[in-house]
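Two independent chains are provided; combine them into the complex using the hints.
Here is how the chains run, residue by residue.
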Amino acid sequence: GAVVSQHPSRVICKSGTSVKIECRSLDFQATTMFWYRQFPKQSLMLMATSNEGSKATYEQGVEKDKFLINHASLTLSTLTVTSAHPEDSSFYICSAGTDGSANTGELFFGEGSRLTVL
Amino acid sequence: AQKVTQAQTEISVVEKEDVTLDCVYETRDTTYYLFWYKQPPSGELVFLIRRNSFDEQNEISGRYSWNFQKSTSSFNFTITASQVVDSAVYFCALSEFGNEKLTFGTGTRLTIIP
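Going line by line, the protein sequences match chains A and B.
So for the first sequence, the numbering used here puts the first residue at 139; every next one is plus one.
So for the second sequence, the numbering used here puts the first residue at 276; every next one is plus one.
Incorrect hints may have been included.
Unchecked claim - Here are the simulated DSSO-like cross-link-like pairs (lysine-lysine), alpha carbons at most 27 Å apart as the crow flies: (1) B:K376 / A:K193; (2) A:K202 / A:K158; (3) A:K158 / A:K193; (4) B:K376 / A:K204; (5) B:K313 / A:K179; (6) B:K313 / B:K345; (7) A:K202 / B:K345; (8) B:K278 / B:K345; (9) B:K376 / B:K291; (10) B:K345 / A:K158; (11) A:K158 / A:K179; (12) B:K376 / B:K345; (13) B:K313 / B:K278; (14) A:K152 / A:K202; (15) B:K278 / A:K202; (16) A:K179 / B:K376; (17) A:K204 / A:K179; (18) A:K152 / A:K179; (19) B:K376 / A:K202; (20) A:K204 / A:K152; (21) A:K179 / B:K278.
Said to hold, decoys possible - If you want the footprint, here are the derived chain A segments under chain B, 3+ residues with CB under 8 Å: (22) 188-195; (23) 222-236.
Keep in mind the hints are simulated off the structure, nothing from the lab.
All values derive from a computational prediction rather than experimental measurement.
Note that CB positions come from ideal geometry on N, CA and C, so glycine has one too.
Isolated chain B (complex conformation) (with noise of 0.2 Å):
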């Protein structure tokens, strides 16, 4: 069975300040995507990334950085100069090779505070 945890629920911090969430997923699949996704308040889900598991390589997109390590079975992101539009709720999702559905984590809600 497949699990994503996202151990942090709440994370505040102050404009311009670099935040880190982190996600760690369990599969038994040697072939997997993992994803980012963001929750504004209005309620879509904005994709952020996704990533297959053969490719480690680190990414980045202007401020938003991500840490793939296969060794921990981590995925994290990571946002440098907090901006308040970053306030949102964030998913760290999995899904199997194969298999279009999402395992979601439980998300966690970041606030920049100005």
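Same shape as in the complex, but just chain A (with noise of 0.2 Å):
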């Protein structure tokens, strides 16, 4: 099956550096990408819609300036979050679909990436 990956698994970072993840898909294209976050012990929101050569959708109460999605090609999507804070600290973790997805209901999910910022 499609194989989606996300990198870095785990990344420590001080307060006010910022941090980018990647999320790949490794054997099909995908034109939009999601990126969900996760707080500990807490469900999965979704953040924003990655579109592929154009302006990422945000969901409300997502700050844009602090969260920079860049999805530059069919297969990789970028999560940057700027001057990171403790607050931050979270799992972020990406999905992808097919040709169709949207129709068919089928979705791949990254590894995700475990953010902790000191």
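What follows is the structure, given as structure tokens:
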């Protein structure tokens, strides 16, 4: 089946620094990818929809200047947490679908990236 | 707006017991998809099942079974003869037809006691 890979799986950074997380579709092209965030012992909340070649669409309450999303190719979307603070510590996970996923509901998730901001 | 409710926050059962995880959903769409995912301590989401709103047939896969009832907007998940490896957080989720965004429930933490 289709594979989505995230990198890094774990990252620890100092407060005030920026961190980039990559989401790659390894064997298919994804015009749309999704970024979710999961606080400890909580559910996954959609942060934004990443559209190849255009601006991302952010969910209400998500700061677009804080969480920069770039989807420069059909196989790569990046999430950059700018000027990270301890409250940004979370598990970030991406998902992608193949052509027709919107109609079939078939989606693939990355392994997730655990960010810890000191 | 869509909503997924998993009323059971945590469940503990003794190994080999059967356990059912409840999921109730709300949507205005007539066509939608329902999902169950397993999230072990490592964090990755393990896909278990996807069911479209037109298919109300119950499904069985090994020790797993799912009961989809549109009349009660429920999509419950049963594990029979539970094993320690089943310990994880289980999420029920919903997406609209034509939209790949998922709305997740709050999850049920299942602990199987040896």
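Consistency of the hints with the structure:
| no. | hint | result |
| --- | --- | --- |
| 1 | B:K376 / A:K193 | 17 Å, holds |
| 2 | A:K202 / A:K158 | 14 Å, holds |
| 3 | A:K158 / A:K193 | 17 Å, holds |
| 4 | B:K376 / A:K204 | 21 Å, holds |
| 5 | B:K313 / A:K179 | 14 Å, holds |
| 6 | B:K313 / B:K345 | 23 Å, holds |
| 7 | A:K202 / B:K345 | 37 Å, violated |
| 8 | B:K278 / B:K345 | 15 Å, holds |
| 9 | B:K376 / B:K291 | 35 Å, violated |
| 10 | B:K345 / A:K158 | 42 Å, violated |
| 11 | A:K158 / A:K179 | 23 Å, holds |
| 12 | B:K376 / B:K345 | 21 Å, holds |
| 13 | B:K313 / B:K278 | 19 Å, holds |
| 14 | A:K152 / A:K202 | 21 Å, holds |
| 15 | B:K278 / A:K202 | 24 Å, holds |
| 16 | A:K179 / B:K376 | 21 Å, holds |
| 17 | A:K204 / A:K179 | 23 Å, holds |
| 18 | A:K152 / A:K179 | 23 Å, holds |
| 19 | B:K376 / A:K202 | 18 Å, holds |
| 20 | A:K204 / A:K152 | 16 Å, holds |
| 21 | A:K179 / B:K278 | 19 Å, holds |
| 22 | 188-195 | violated (count 0) |
| 23 | 222-236 | holds (count 4) |
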